[in-house]
Structures are given as C-alpha cells and as structure tokens.
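S.K.: Using the sequences and the hints, build the whole thing.
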Amino acid sequence: MTAIASPRGPTMKLYVVVWIGLIVIVGLEVFLTYERLPAGTLLVCLLGLALIEAALGVMYFMHLKYERPALFWSLIPYLVFALVMMDHFWPDALRLMRQRMPGQ
Amino acid sequence: MVHSVTSVGAPHGAPSEGSPYGIESKKLAIWLFIIADAATFGAILFAYGYLRLANPDWTRPFAFSPTIVNGIVMTVVLLTSSLTMVAAVAAAQSGRASAGVRWLSATILLGIVFAALHLREWFALIGEGWRLFRNPMGGSPLFGATFFGITGLHLLHVICGVIVIVVITIGFRRGRFDAGHIETTALYWHFVDLVWMFVFPLVYLMNVR
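Chains as they are written, first to last, in the working numbering: chain C, 82 to 185; chain W, 231 to 439.
Calculated from the structure, these hints are not laboratory results. By construction, the Cβ of each residue, glycine as well, lies at the ideal position given by its N, Cα and C atoms. Be careful, since some hints might not be right.
[Said to hold, decoys possible] BS3-like, lysine-lysine: derived pairs with alpha carbons at most 30 Å apart: (1) K256(W) with K146(C); (2) K256(W) with K94(C); (3) K146(C) with K94(C).
[Stated by the list, open to error] With the C-beta cut set under 7 Å, the calculated list includes, among others, these residues of chain C facing chain W: (4) W100; (5) L103; (6) V107; (7) E110; (8) L127; (9) A131; (10) A135; (11) L137; (12) G138; (13) R149; (14) L152; (15) A163; (16) L164; (17) M167; (18) W171; (19) D173.
M.R.: Here you go:
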C-alpha cells in the first residue's frame, strides 16, 4: 500500500469551536423562521446559513482546508457548476408545465 | 510522451505514480462519491424548493412542539456525532486505539439515536394520515412525497453510515483496519451531517405553521 502521510489537522479545541458555531447557526435559523418572513426571503436566508454551515463542515470537520489546494479545485468548482446548472434549468421545467396544449 | 513515475512504497520496487493530491486512493474515492451524492441531494432539494415556492397553497403542518423541537434535538445529535467522529480520527491517528474505539462507539450511539428520533417522527406523521401521495390536511399531495422522499433518502444514508462505522470499529479493534479507514468513513459521516444542515431548514423550518 502506498503510504501517504496525512497533513496536520485542526486541534480538538478548534473542532469544539466549529461545533458551537454550527449549533448557533441552527439557533439563528429557528429564530428567523419565527420572524414570519416572506417564503422567498426566508428560503434565501436559510440557504445562505446552510451554505455557511456546509463550508465550515467541509473545511474543518472534513479537513479540506488542510489538504492540497489541488483537491479543493478539482472537486468544489465541479459541484458548484452542477448545482448552478440545476438551478438554471429547474425553472424551465415549470415553464414547460404552462405550455400544455389547449384542452389538456 | 514522458510520464512522471515514482516508486512510493510500492511492493517489490514496482513503479507507481504518486497521488497528485497527496492522499490515499480510498480517500480520493470517497471524496468523488461525496461530490456525486451531493449533486443527487442538490437535485432533489432544488426540485423541492421550486415546488415549495410555486405552490401558494403548500401545506405547512409542523408545530414548534413536538416537530421543530424534535428536529432541533436531531440536529444537535447529528452535529455532536460529527464531533465524536473527529475525536475518533484524532485518537486513531495518534495511536490511541482504545480511545478511538470509544469515540467510534459514541458516534454509533448518536447515529442510532438520530435514526430512532427520525423514525418516531415518521410514525407520528403516518399515524396522522400522511402518506407518500396523501395529504390529510387537504393541500398539495406533493408534501408527503417530498418530505418522505428527501428525509427517507437521508435516513437511508444515516443507517448505512451506522452499519459502516460498526464494521470499521470491529475491524479497527481487531487490527484489520487502520486510521486511514476511520478517516475515510468519517468523511462520509460528516457529509451525511452536512446534508442534514440543508434538509432541516428547507424541509422542516420552511413548513412551520
């Protein structure tokens, strides 16, 4: 087996700080939910906070911050591109729903 | 064409290419799996998001207690399981095998608690008359399909993760698996945790009464 030494990761103290930060963000999400914002605004806020949580998790818990940059640049832009394409084409599905033939 | 060939710990001096990312192949493989799975969850969450916003009469059945409280507890349990998992990886990498097994056992326990809370929630909803394509509140029947579909796919990932961690823990205890196997499993477990960070706000919090 090829032995490749893992780079040094964060300390347990940093992990606990990230964990507390994630729980605080969850609390903020629940607070915003009961502020009775319009559905679109609430969705944008919740998605934004979820993206911050995902970034913290990927960078610290999953150690991507401590891997070679090549790994980040090989994985994340592809995923972002795929998700942006989904976001771009899903509304088109709703447009097609309105293009039914008369009488259908 | 000249290929760059190095022999990095290859058996019997056989030449092999070094990893361009400086990680073991199993770790790269799990990263590729995670990216593909993230695209899968992304697709169903986008579909759900557009359905949710496009339906003005979308059903919002969740009360703060018990559903949202249960969801918050589930979220904290899953986040804590990620913390115990990084502790297991750190212990295994520093050669503290018994501590690694203890942290892995804690992660398994938290994963089981999450699955049990999730199933309790499901059975309560089914008891109220919710089905994949039946809405007892009279609104869009798509709510049941999206809720059970998205949370079911996530629950399937959690159950698979718990089974894998049990297998890895037993193997690690017997000396068949090393810290690299635990780290690879941990990447999957953290991914399952991160997916829940999107499922909880989008599927639960967007549907409070």
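S.K.: Run every hint past the structure and note whether it holds.
M.R.: Checked hints:
1. K256(W) with K146(C): At roughly 19 Å apart (the allowed maximum being 30 Å), K146(C) and K256(W) satisfy the hint.
2. K256(W) with K94(C): Given that 30 Å is the threshold and the Cα spacing comes to 28 Å, the pair holds.
3. K146(C) with K94(C): Answer holds: K146(C) to K94(C) is near 16 Å, not above 30 Å.
4. W100: This interface hint holds because 5 Å falls under the 7 Å limit.
5. L103: The hint holds - L103(C) has a Cβ within 7 Å of chain W, the shortest such distance being about 5 Å.
6. V107: This interface hint holds because 5 Å falls under the 7 Å limit.
7. E110: holds (5 Å)
8. L127: holds (4 Å)
9. A131: holds (5 Å)
10. A135: Holds, about 5 Å.
11. L137: This interface hint is violated because 9 Å lies over the 7 Å limit.
12. G138: holds (5 Å)
13. R149: holds (5 Å)
14. L152: Since the shortest Cβ distance to chain W is 4 Å, the answer is holds.
15. A163: The hint holds - A163(C) has a Cβ within 7 Å of chain W, the shortest such distance being about 5 Å.
16. L164: holds (5 Å)
17. M167: holds (5 Å)
18. W171: holds (5 Å)
19. D173: This hint is violated: D173(C) lies away from chain W, its Cβ roughly 10 Å from the closest one there, beyond 7 Å.
The structure does not agree with the numbered hints 11 and 19 stated previously, though it agrees with the rest.
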